Amino acid sequence: MLVEKFQQYIAKEELFTHEDKILLTVSGGVDSMVLMSLCVNCGYHVGIAHCNFQLRGAESDEDEILVQEAARRYGIECHNKRFDTTGEMELTGESMEMAARRLRYEWFNSLCEKYGYTVIAIAHHVDDSIETFFINMLRGTGLRGLTGINNQVGRVVRPLLFATRKQILEYAIRKHIHFREDSSNRSTKYLRNKIRLGLIPRIKEIAPHFTPTMESNIQRLTQAQRFIDYAMEGIYKQIVEVSGDIITLHTNRIEHIETKDFIIYEILSSHFAFRGDTVNRLCQALKAATSGKRFYSRSHVAYTDRGKIVISPIEPDDVCEVEIQQGQRRAYFSNYVLHFELCNIDDIASLQQPENVALLDAEKLSFPLTLRRWQEGDQFVPFGMAGRKKVSDYLIDCKVSMAEKSRQFVLLSGGEIVWLVGRRISDTARLTRHSEQVLKITKENL
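Quick note: the working numbering has the sequence shown finishing at residue 863, numbered continuously throughout.
To be clear, the hints were calculated from the coordinates, so they are not data collected in a lab. It is possible that part of the hints are untrue.
To be verified - DMTMM-like mimics (lysine to aspartate or glutamate), calculated; alpha carbons at most 25 Å apart, straight line:
#: 1; residue 1: Lys583; residue 2: Glu622
#: 2; residue 1: Lys860; residue 2: Glu821
#: 3; residue 1: Lys429; residue 2: Glu632
#: 4; residue 1: Lys654; residue 2: Glu632
#: 5; residue 1: Lys531; residue 2: Glu507
#: 6; residue 1: Lys677; residue 2: Asp662
#: 7; residue 1: Lys725; residue 2: Glu738
#: 8; residue 1: Lys860; residue 2: Glu505
As the list claims (entries may be wrong) - Label-pair ranges, simulated between beta-carbon atoms:
#: 9; residue 1: Cys760; residue 2: Pro730; range: 31 to 39 Å
#: 10; residue 1: Lys583; residue 2: Phe644; range: 27 to 35 Å
#: 11; residue 1: Glu486; residue 2: Ser660; range: 54 to 62 Å
#: 12; residue 1: Tyr647; residue 2: Asp814; range: 50 to 58 Å
#: 13; residue 1: Glu530; residue 2: Thr707; range: 44 to 52 Å
#: 14; residue 1: Glu476; residue 2: Gly804; range: 42 to 50 Å
#: 15; residue 1: Tyr647; residue 2: Asp810; range: 52 to 60 Å
#: 16; residue 1: Glu622; residue 2: Asn602; range: 18 to 26 Å
#: 17; residue 1: Pro730; residue 2: His667; range: 14 to 22 Å
#: 18; residue 1: Leu560; residue 2: Lys654; range: 19 to 27 Å
#: 19; residue 1: Asn602; residue 2: Glu672; range: 46 to 54 Å
Quick caveat: nothing in here was measured; it's all calculated off a predicted structure. Positions of the beta carbon are idealized from the N, C-alpha and C atoms, including for glycine.
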């Protein structure tokens, strides 16, 4: 049954034909091993690409061996590459997921150019798409993020998006397809796993038909987003002016006032990677006729100017300074986000926290706080020390690389550094036995 549905889905969605040369991305997990079996048995012209990110020691090597052996049995070409993922993360400041994703897609595209592959096939399925829906909903990505996973983007296709995880597993067992289970899939350290292992099973207790219902919901949301994209093409041409690297968004040309914020969000998020929280604050500044205040995405800076929004790429020497208002829950910078939580001292289970978490005495802080890149001449009082120390000297003592230094941010209160973000808090803002309110700040990779 799965074979027939597989072929029908590919034909209906026009994902590829028997004339295509298909690069299958195979990890060794059940989904990709089943995809390899289906493609070979249906007579498609395929090659294998396996990435060893060297993050799980012997497990990663055993995955590699399994894929290579399966490719030999099928008599198909197998491309294998080992990546220094940890080194890449240190170099770029990316999260593990972001670094691995960029590395693998760069490699996949290079294989296509070198060997003539016309299609890259990924083994995502229905459950992956539903999990992505919830991840994006919790991150506030807007309607676009609620459309799940697309079955085709350029030459990347996902021919298993019609099938559930259960159907794929049952097929693997029935056909005696060997696969490996990634131990990290059982860890609740990752948001996707928390949703997969914690949230969705509870929802299914309430709604037994949850999976097909969500599949239908995602299809309808996808159609709605496509309609919006079509409408936005015309609006974009009417209100956006481009001059070199400078993009000017003329908000006074937006005809429907009640949809102005939504239109601004669609343009800034889809074209320039601005987050929802940041766009909300920008729209507030626009309504208050505040000029000159700067707002940042990973790649661009925007500011309001007499009813217009001006956008440009971030310059290398831009300190990327943003204000953190009292009660603000999140702040985005570079490839990271800071989460702010005001707690009672009695709610803090332990004062021993990892470097990505800062516990500051809220009574010693003066809002708005300032978040910016560190600059030459910056000084602070490292926790546990009595005297001041230059940030530059502290980073040298910690043997921080030049790439990491360029991404180092500081958090200031009243002009004083209270946290060298992700490294050390200032002794001036530390908790004492007299502290009652705690500002807990967590740095998270994006």
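Checked hints:
no., hint, result
1, Lys583 - Glu622, "17 Å, holds"
2, Lys860 - Glu821, "15 Å, holds"
3, Lys429 - Glu632, "17 Å, holds"
4, Lys654 - Glu632, "33 Å, violated"
5, Lys531 - Glu507, "29 Å, violated"
6, Lys677 - Asp662, "24 Å, holds"
7, Lys725 - Glu738, "21 Å, holds"
8, Lys860 - Glu505, "19 Å, holds"
9, Cys760 - Pro730: 31 to 39 Å, "38 Å, holds"
10, Lys583 - Phe644: 27 to 35 Å, "32 Å, holds"
11, Glu486 - Ser660: 54 to 62 Å, "57 Å, holds"
12, Tyr647 - Asp814: 50 to 58 Å, "56 Å, holds"
13, Glu530 - Thr707: 44 to 52 Å, "48 Å, holds"
14, Glu476 - Gly804: 42 to 50 Å, "47 Å, holds"
15, Tyr647 - Asp810: 52 to 60 Å, "56 Å, holds"
16, Glu622 - Asn602: 18 to 26 Å, "21 Å, holds"
17, Pro730 - His667: 14 to 22 Å, "20 Å, holds"
18, Leu560 - Lys654: 19 to 27 Å, "21 Å, holds"
19, Asn602 - Glu672: 46 to 54 Å, "49 Å, holds"
Going through the hint list in order, the structure does not satisfy hints 4 and 5.
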